[in-house]
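Asks: Guided by the hints, dock chain A onto chain X, whose structure is given.
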Amino acid sequence: EAGVVQSPRYKIIEKKQPVAFWCNPISGHNTLYWYLQNLGQGPELLIRYENEEAVDDSQLPKDRFSAERLKGVDSTLKIQPAELGDSAVYLCASSFGPDGETQYFGPGTRLLVL
Amino acid sequence: QKEVEQNSGPLSVPEGAIASLNCTYSDRGSQSFFWYRQYSGKSPELIMSIYSNGDKEDGRFTAQLNKASQYVSLLIRDSQPSDSATYLCAADGGGYNKLIFGAGTRLAVHP
Numbered sequence: 001e002a003g004v005v006q007s008p009r010y011k012i013i014e015k016k017q018p019v020a021f022w023c024n025p026i027s028g029h030n031t032l033y034w035y036l037q038n039l040g041q042g043p044e045l046l047i048r049y050e051n052e053e054a055v056d057d058s059q060l061p062k063d064r065f066s067a068e069r070l071k072g073v074d075s076t077l078k079i080q081p082a083e084l085g086d087s088a089v090y091l092c093a094s095s096f097g098p099d100g101e102t103q104y105f106g107p108g109t110r111l112l113v114l
Numbered sequence: 001q002k003e004v005e006q007n008s009g010p011l012s013v014p015e016g017a018i019a020s021l022n023c024t025y026s027d028r029g030s031q032s033f034f035w036y037r038q039y040s041g042k043s044p045e046l047i048m049s050i051y052s053n054g055d056k057e058d059g060r061f062t063a064q065l066n067k068a069s070q071y072v073s074l075l076i077r078d079s080q081p082s083d084s085a086t087y088l089c090a091a092d093g094g095g096y097n098k099l100i101f102g103a104g105t106r107l108a109v110h111p
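Protein chains in written order, with the working numbering: chain X, 1 to 114; chain A, 1 to 111.
Chain X on its own, in the form it takes in the complex (with noise of 0.2 Å):
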């Protein structure tokens, strides 16, 4: 079975600039997270979609951060404008349900913000 796959691993930009960060899901979760990471730190959540609805977005920066998942499925998180204090690891994971479920992290996305 695929695990959760993300795009780009890695992204370089410079301040003020926008970028994007891709998400599929393992098969079958209707549950997808956004998560950043800083260093030395556990993952907060940003967002939670339950199918292709936000359910929990209390965590991100709304002047700054969208996300959005059409038709249910790959996931997108945009920054714009992108500020240094953005720089982190950007993690996707998916759950099968939204309740007590295993949760399934991807790769990451190290964003380096200059």
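Misleading hints may appear alongside valid ones.
[Stated by the list, open to error] Taking lysine-lysine and the PhoX-like style, the derived pairs with C-alpha atoms no more than 20 Å apart in a straight line are:
| # | chain 1 | residue 1 | chain 2 | residue 2 |
| --- | --- | --- | --- | --- |
| 1 | X | LYS62 | A | LYS98 |
| 2 | X | LYS62 | X | LYS78 |
| 3 | X | LYS11 | A | LYS42 |
[To be verified] Looking from chain X toward chain A, a few residues come up when the C-beta cut is under 7 Å (computed):
| # | residue |
| --- | --- |
| 4 | PRO43 |
| 5 | LEU45 |
| 6 | ASP56 |
| 7 | SER58 |
| 8 | PRO61 |
| 9 | LEU91 |
| 10 | THR102 |
| 11 | PHE105 |
| 12 | PRO107 |
| 13 | GLY108 |
If you're looking for bench data, these hints aren't it; they were derived computationally from the structure. No residue lacks a Cβ here, since even glycine has one placed at the ideal position from N, Cα and C.
Replies: Frame of chain X; chain A shown alone:
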């Protein structure tokens, strides 16, 4: 603010010893608890999940949960150098599948 607390380490143990990793959580409503292992530069991978008080064993790993004390632990028996990684404890956000992660404990197993 729901929190999960872990000692950052590093926890250093000799090869073959038992490594004991501990975690406390603040939300009494949490029902699901997870231990993830994260190698440097890699993504978290699930080691154990536990939902009921008591012990749960899987190979060399044993997870322990005490809801009254809001305490979760992970024991690794016969520690190997390949177990050297950061171990993340996570608890669900009280009825929702919003995982709250601790900052992780770095484990170093030396030959």
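Asks: Which of the numbered hints above does this structure break?
Replies: Numbers 7, 8, in rising order.
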